[in-house]
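Protein chains in written order, with my numbering: chain Z, 26 to 339; chain E, 6 to 378.
Simulated from the structure, these hints should not be mistaken for laboratory data. One or more hints might be untrue.
Simulated crosslink set (SDA-like; lysine to any residue; CA at most 20 Å straight-line) [what the hints assert, rightly or not]: (1) LYS338(Z) with PHE67(E); (2) LYS358(E) with VAL337(Z); (3) LYS358(E) with VAL117(Z); (4) LYS338(Z) with ASP352(E); (5) LYS358(E) with LEU150(E); (6) LYS338(Z) with SER19(E); (7) LYS276(Z) with GLU11(E); (8) LYS358(E) with ARG118(Z); (9) LYS338(Z) with SER216(Z).
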Amino acid sequence: MNGAQHMGSAFVVTWLSASLRLAGPVLLAALGETFAEQSGVLNVGIEGTMLLGALASFLVSYYTGMIWVSLLVAVLVGIGANAFLAWMYVTVRASQVVAGLVFNVLALGVASTIYRRALGNSAVPESIAMFHPLHVPVISDLPLIGPALFGQTILFYLTLLLAFVAHFILFRTNFGLALRASGENPAAADSAGISVYRMRYVGTLISGAAAGMAGGYLVLAQVGLFRESIVSGQGFIALGIVIFGRWNPLKAALAAMVFGACDALQLSLQIFGTGIPPQLLLALPYVVTILAISGLFGGNAVQPAALMSPYVKD
Amino acid sequence: MAKLFERRLAPADSPLAIFAATVGAFLAAMLITAFLFSFYGASPFQAYFALFHEPFATLRGFGYSLVRASPLALIALGTIVSWRSGFSYLGFEGCFVIGATAAGWIALWTAPGARIGPLPFLLFLPLVILIAFAAGGTWAALVGLVRARLGGSEVLISLMSNYVAILILQYLVSGPMRAPGSLPETPLLPRATWLPFILPGTRAHAGILIALAAAGLVWLLLQKMPLGYELIVTGFNRLAARYAGIDVGRRLVLAAFFAGGLGGLAGMAEVLGAQHRLMDGISGGVGFVGIIVALLARLNPLAVIPTALLYGGMSVGADAMQRRASVPSSITFILQSLAVLLVLACDALRYYKFNPSVFGRRTPPSVAKAVSE
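Model the full structure from these sequences, guided by the hints.
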């Protein structure tokens with residue numbers, strides 16, 4: 026194997042493996058958001074929820090060192106925060122975009138206040154216990170796909186599994202049917218005996234649990250510390266992935282891989298040193314997401330018909 | 006038998022009811038935040054005194070409040086134009102950055118010996134206002150175009166475009182426009198391009214006058230001009246607007262252009278009035294706080310100025326509070342956003358009629374009658 030070939034395969038290996046690694050948290054958040062949107066709620070608040078989940082898991086891991094407990098706490102924090110959001114969306118019937126957006130500012134304030142309270146203003150990044158990549162004998166050592174597919178953390182495989190579970194629940198169970206009916210035609214669902222309010226509460230809480238866990242994923246499997254910019258739009262990208270994935274968990278998984286590939290391209294190209302300014306590469310995932318959801322490729326017709334419209338029971 | 010809370014068919018929409026709901030929500034937010042202060046061992050009274058004394062009771066602090074209020078007011082006005090036209094634009098962080106970049110670029114070109122060379126201020130000011138407005142406006146109009154022609158969701162696309170704009174500025178200040186030195190920032194803008202200071206002894210600059218003029222113009226546009234009426238009709242009911250012969254797509258793009266232009270002016274005011282150079286992180290969330298200001302002002306252009314002054318002042322007071330009461334300044338984000346969330350929640354209360362007469366006989370019948378009406 027000559028040098029150039031070696032460089033090439035090293036590039037592909039790091040790129041593939043980073044693609045899947047970076048796709049994980051956004052996919053997890055997008056899976057939860059799919060439930061909220063299928064029930065008729067556009068939950069913009071998952072950006073802030075991810076931040077709260079990230080902070081919660083960081084603090085628990087920092088003080089106890091128990092990573093599974095940290096992840097669980099992140100999920101619970103996500104559910105708690107979204108109970109408030111669900112109340113705003115469903116019971117108060119506030120504009121979903123407004124409530125979610127303002128909640129993100131609130132979450133930023135809460136997260137940075139608590140973080141400073143807990144660790145003071147010392148800017149020293151604290152390191153914590155983290156999930157490590159699995160290493161399965163033999164298959165993890167396969168050339169190219171080995172490290173990429175079989176060298177991820179357990180959270181990645183859990184997320185992939187959840188994509189199939191989410192798909193099954195949404196399209197193969199009565200609960201999924203009731204949830205989708207609430208987002209498609211709430212009045213008809215109501216007259217069929219489905220509690221639209223309850224479905225929307227459940228959908229929002231599921232998205233909160235997933236977003237909280239995605240925040241934990243970021244901290245516990247990728248970054249290993251907390252900073253206010255740790256989420257930086259990944260919650261919004263998850264919203265884009267839901268659209269790009271046509272409100273379908275399995276297609277969302279593919280969409281998340283595309284996003285991960287764009288994000289990872291910037292990392293790999295920086296390692297191998299090209300002349301392209303890093304900021305322009307960093308903008309790539311956002312630009313690709315914009316193009317994907319712009320409607321250039323169709324797809325707006327699949328959107329749940331009652332998305333963003335509060336339901337008033339007569 | 007009357008219930009204590011009786012549901013109305015429509016919310017009480019008298020100015021008094023709206024005012025009461027807004028002020029009540031704000032006080033509730035202050036009460037909740039007061040509990041947070043006590044976590045820091047600070048007395049809530051001391052903390053609130055620090056939060057409001059410096060920005061509103063000292064001349065120097067008031068000057069800073071005006072400085073912070075100018076971009077907030079302009080962004081809030083942009084929010085009003087786009088949202089009342091039914092275009093849920095959230096990309097003001099990006100418009101701010103693009104407007105600031107355009108203004109900074111032009112200002113650097115007018116440095117002695119640069120491409121254009123010094124311009125008289127009375128020529129420079131209209132030029133830079135025009136260019137910053139056009140730059141921010143075009144940035145937002147692109148999203149409007151996507152929405153009108155392709156049907157993409159402007160909510161998400163505008164949120165994403167913020168990050169793209171911020172990265173463009175980051176690239177410019179760390180590459181082509183970078184000044185020699187360790188920080189990613191441009192050289193100081195020529196003194197002749199700074200907005201004039203308007204209050205002696207303070208940093209208050211003419212940006213607040215631009216914001217005042219813009220508030221008047223937006224009010225004129227929406228209340229008195231046929232175009233504004235068409236925008237509002239488009240916002241209320243797109244199908245009815247189309248039926249009335251309004252070109253809805255074109256109105257959306259136009260609303261986006263105006264909104265983005267106002268966001269661009271906000272960036273211009275900040276860079277020419279306060280920072281006097283371009284740097285990474287110049288926006289710092291102002292695009293979102295500006296939207297919050299518009300919401301608290303109930304999308305009313307005239308209420309924007311006092312609201313922006315309140316929120317700008319609070320961000321000045323937050324720093325004072327951090328110094329004096331050692332409460333982190335991020336707590337004001339909580340207060341500022343909680344206020345709006347509670348306003349939304351209190352709006353639900355306006356659907357209820359309060360019948361104190363249920364409590365019994367001590368209420369004189371005449372009062373009970375007046376209340377129930």
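Go through the numbered hints given earlier and state which of them the structure violates, listing their numbers in rising order. 1, 5, 6 and 7
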